[in-house]
Structures are given as structure tokens and as C-alpha cells.
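Following the hints, complete the assembly by docking chain G onto the known chain R.
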Amino acid sequence: MTEQALDGADAAELTELACKSIEYVYERGWTDGLPVVPPTRARADEFLATTSRPADEVIGRLDHLKREVTVELAAINAIMAGCLPEHFPVVLAAWDALMLERAVVGGGWQSTSGPAPLIVVNGPVRQRLGFNSTGGVFGPGFRANATVARAIGLIVRNALGVVPHVLEQATQGIPGRWAQCIAENEEESPWEPLSVDGGVTAGCDAVSTTLLRTSEYIDNRHTDDPEKVLADFADTLSRTGSWIFRNASAGVVFCPEHAQLLAKAGMSKEDVRTWLVERCGRPKADFHRVGKSLNAQGRRGDHEDAELEGFDPMFSEDSPKHLPIVVAGARNAGISMVVRLFSGTGWSGISARVEKPRNG
Amino acid sequence: MFDHILDPTGQSQRTAVQERAVARRLPSLAGARVGLLDNTKKNAAPLLAELGRLLEREHGATVTIQRTKHAFAFPVDDPLLKEIAAVSDVVVTGVGDCGSCSASAAADGIAFERAGLPTAVICSDAFEVTARAMADVHGDAEFEFLLTPHPVAVLNPDQVKARAKELLPVVVARVTEQASR
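First to last, the protein sequences are chains R and G.
By our numbering, the letter at position 234 of the first sequence is numbered 234, and the numbering carries on one by one without gaps.
By our numbering, the letter at position 71 of the second sequence is numbered 71, and the numbering carries on one by one without gaps.
The following block holds chain R by itself, in its conformation from the complex (with noise of 0.2 Å):
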């Protein structure tokens, strides 16, 4: 039936008709809450002809609950996100780098903190299919950062079966779960992008992921000394409430304004990092005031004979994987992020490479 064929009626009934299929889909539990794309099959084959990986491929299993994610399973959910078949070879992408999270198939999607991947988009797809880089990164408003996010979490839900107030068990959860896709600013940034780092060659496309508990500001426009801007970063990153074990890990998402200013003062992405490596943490009488004091086995808690004197580095070591940096977000202002990891072990530090185009 074409467009043109159909009167007001019988467009009104099909409307009715898209309404009530909204509807069971609600009514199965299938949903996150919002509304999602009915899926079917003749929509089902339509995004897994955009990859070569058979329909059956299992991507992802939670043996301790049973389940497995196929790459069918996982199109199905993407397509209820709202994604687009070209968005497809992105969640997939998204989906193999969350894999390999050490957390992710633990019991990370159980766990009480309520963890969520960012996703990190990097090279020529972002233009290509419309992932937002710059003003308003964090969403929402742009169809390809928002229904990628959502498909992972929709994967989580459905195919993992890790429902909330029954297996997924989060206290509060963290703001923008399920809704944080990024795209990397490489075209504002001075320095190499994420995916490097995460061992695929500039220019290429590729996802990289990690678990977050929650991310927070940092707005400084008032110097333009490098030292003192980083040392703004370091007093947020090295607060107590964070820390939960001997070390912590977490990434900077610096605006172009910041990581410019850095660039500028000659500084790569690594003295960035090696700076606020090495600064980063807290004395530990600070962690004794708060009941988190490092006892002799390397477990923190409220122990009466703890050490006083001394400091508690934040990070156990130097790298990209216990610090991941990321160049997000408009050039209008000095406001960057810290991101908290889910992980006491940090990022995986492997991006995933997104599948080309099949034409044809």
C-alpha cells in the first residue's frame, strides 16, 4: 500500500494500529520505559544484512544466568532502540569492546552500583552516520549517539535477561544510564584519538567502551596556566567518595578549550597524564576521617589501627587503561568531565574496529 493510496481513515487506523503494537511490546516487558520500535523480521534481516557475521553467532553469554546474546538477539534490540541498519556495525562494535570488560561478565549488570558503558565513538564513521562530537556530547538530541546507547542497554535487559529490582539490583543507578554515546572531537583535539590508544590506527572506525559509575564537571575558565587547570582536575578526580579499594581508576573527557590549553603548553596526552597520575590520591589521614583507611591486607575500612602519615596514590599505574583521555564537546568554554570507572582495574584498553559498509 502506498502512501498515496491510503485515505485519512484508513492512515488513522494504521496509526492506531503502530500505537497498539508500542503497546504489547510494553505489555511483554520488553521496554526500557520509553517506547520502543516494534521489531520485526522483514526489519531483522534488514540490519543484519549490514554485517557479515552469521545470525546465530553468539557475541555475548552470562553462563551464571543462563543466557546468551546472538547477533540476531542483539539486532532485534537494536532495532527496538530506534537505531537505523547502518547504526548496526556500531553496536556491534560497542557490543564486542564492552565483552571485554573484565566487570561486564562478571556480575557487573547485577551489581548495587548500577554501572553503564560510555561509549566512545572514533574515525570517519561519526560524520558518516551522524554521531554528535562536539556541542552537547553527553545527549541528548542526536539519533545515532542515543539509540546505539540505548540498544546495549536494551541487549543487558532483554537478551541477558538482567531486569531491574530482580536480577539488576542497582541502589540508585548512575545519571544517563544506557544513554551515553560519544563521539570523539578529533577534528577540535590536539592529540591522537581514544581508539589509539586502544590499538586501532587513526582514521579508522572504531567503538571503545567502559563501565561508569558516574560522571562529573569540571568548569575552569578563570587561568590559563596548564598546572593550575590540571591540578583543578586532580582535587575532583582524588575525592574520597569514589574510592572503594586500594586504587581507583577514572578518565578525563577534556573539552577542546582544555585540551587545547594543555596542547599549547606542550604538553601530549601522556604528560597529561603522568601528571595527574602522579599527583592524584590522598593522605591517608583524610581516609582515615572517612572510615576508609587501607589496612595491611589492602582492604579498605574502618580500622582503629590504621596509618596516619602518608599518602594513598589514586591510580596504580600509568596508563591509558587506568586513565583513559577522550577530547569531547563544544570549543565555547572550559567545561570538561571526569568519568569514574566501574572497575578497580580500569578500561580493557581495546577498542573495537566497526565493520565497513557492505554496498552492494
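Since the hints were made in silico from the structure, they are not lab data.
Treat each hint with caution, since some may be false.
Straight-line Cα separation of at most 20 Å, DMTMM-like style, residue types lysine to aspartate or glutamate; simulated pairs [what the hints assert, rightly or not]:
1. R:Lys20 x G:Asp140
2. R:Lys284 x R:Glu257
3. R:Lys264 x R:Asp232
4. R:Lys66 x G:Asp78
5. G:Lys42 x R:Asp232
6. R:Lys66 x G:Asp136
7. R:Lys228 x G:Asp7
8. R:Lys66 x G:Asp7
9. R:Lys20 x G:Asp7
10. G:Lys165 x R:Glu304
11. R:Lys66 x G:Asp3
12. R:Lys284 x R:Glu304
It should be emphasised that the depicted structure is a prediction, and the values quoted were computed from it without experimental measurement.
Just chain G, lined up with the frame of chain R:
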């Protein structure tokens, strides 16, 4: 009407087999060998150790083994299960006190019961729903675990002892024929 809408869970074709996991209970704990399995969560090891002491002192049992799980998020692995089963007549395990470990504690209890060992699983009452869901995943939706008031992690040593004392009668009832009398 909407049968053409695809199932995003992959579960519609599967029927989960449910089978109660209930080992034979002991007539009494006198002379019984007790295995303790803690899941690394804060206060789990001292709580189980105190329960072990009470089972020895007040019920004539003997603690033969206390082990710590290799990964709290996952159900007990087979070698560890066999190691404990080899020297135990009953098992006490826990404490389910987080999202993944409470779920796994329920799975552990089911695994030990299926291996023939009456098992008391201790779980914080804040995680009852997730433990119940995991019991269902592992084929015994009605598996009985023991709930203790949340939180457990912040209890001081005296409070841990008091908690063990509170739990003692339900642990004993769980693994002996007492409850069904």
C-alpha cells in the same frame, strides 16, 4: 495479533525445567561435619565462623572446612563444591549482601542440595527478590534461603556475634529434620 513482533529475549522457545533441590535432612547435628563457604563479602567470614562455633558448642557438630569463594559474583565452581562436599554433611554459606553475590548464593545452595548436602544459605533481606529470581534461573524457584536483616557489612564484631546467635535456630532447622516434625 502481534505474533509477528520478534522476541528480543531469545527465551520464547525455551521451557525452563524446574526440579526441587532438597537433600535429605539430618536427624540431628550431633557428630555432623559442617562445611562453611563464605563469599568474600564483608563480615561473611566472621559470621560463618561464629555460626560454626555455635554449631560445635551447642549442637555437637564439627566444622571440618571453611573456604572462601573465588568469585563472589559467580556460583561455586565444581572443584570447590567437591572439596567441601567430600568432608561435610551440611553446608552453611553466604552472606548474600550485594546484587550478584546474593543471586549466586541461592545458586550455591541449590548446587549443594543437588550434591546431597542440606544447606543453609544466608542472604540479606534487601536482596530477597534477586536471590529468588536466581533460584528460578537455576531450576528451583521455591528454594528456601535464610534472610537476615540488612545491612550486614557494617556490623561490628559484637554485632556479628549477636547476628550469628539469632541465625542459629533457623540454620539448625534448615539442615535437620526439625522443621518437618
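We went through each hint and held it up to the structure:
1. R:Lys20 x G:Asp140: Violated. R:Lys20 to G:Asp140 sits at ~36 Å, over the 20 Å cutoff.
2. R:Lys284 x R:Glu257: Distance of about 34 Å is beyond 20 Å: violated.
3. R:Lys264 x R:Asp232: This hinted pair holds, its Cα atoms lying about 18 Å apart.
4. R:Lys66 x G:Asp78: Roughly 16 Å between the alpha carbons, so the hint for R:Lys66 and G:Asp78 holds.
5. G:Lys42 x R:Asp232: Violated, at about 34 Å.
6. R:Lys66 x G:Asp136: Distance of about 11 Å is within 20 Å: holds.
7. R:Lys228 x G:Asp7: Judged against 20 Å, a Cα distance of about 54 Å means the pair is violated.
8. R:Lys66 x G:Asp7: The given pair, whose Cα atoms are some 17 Å apart, holds under the 20 Å limit.
9. R:Lys20 x G:Asp7: Within the cut-off at roughly 16 Å; holds.
10. G:Lys165 x R:Glu304: 26 Å, violated
11. R:Lys66 x G:Asp3: Outside the cut-off at roughly 25 Å; violated.
12. R:Lys284 x R:Glu304: This hinted pair holds, its Cα atoms lying about 13 Å apart.
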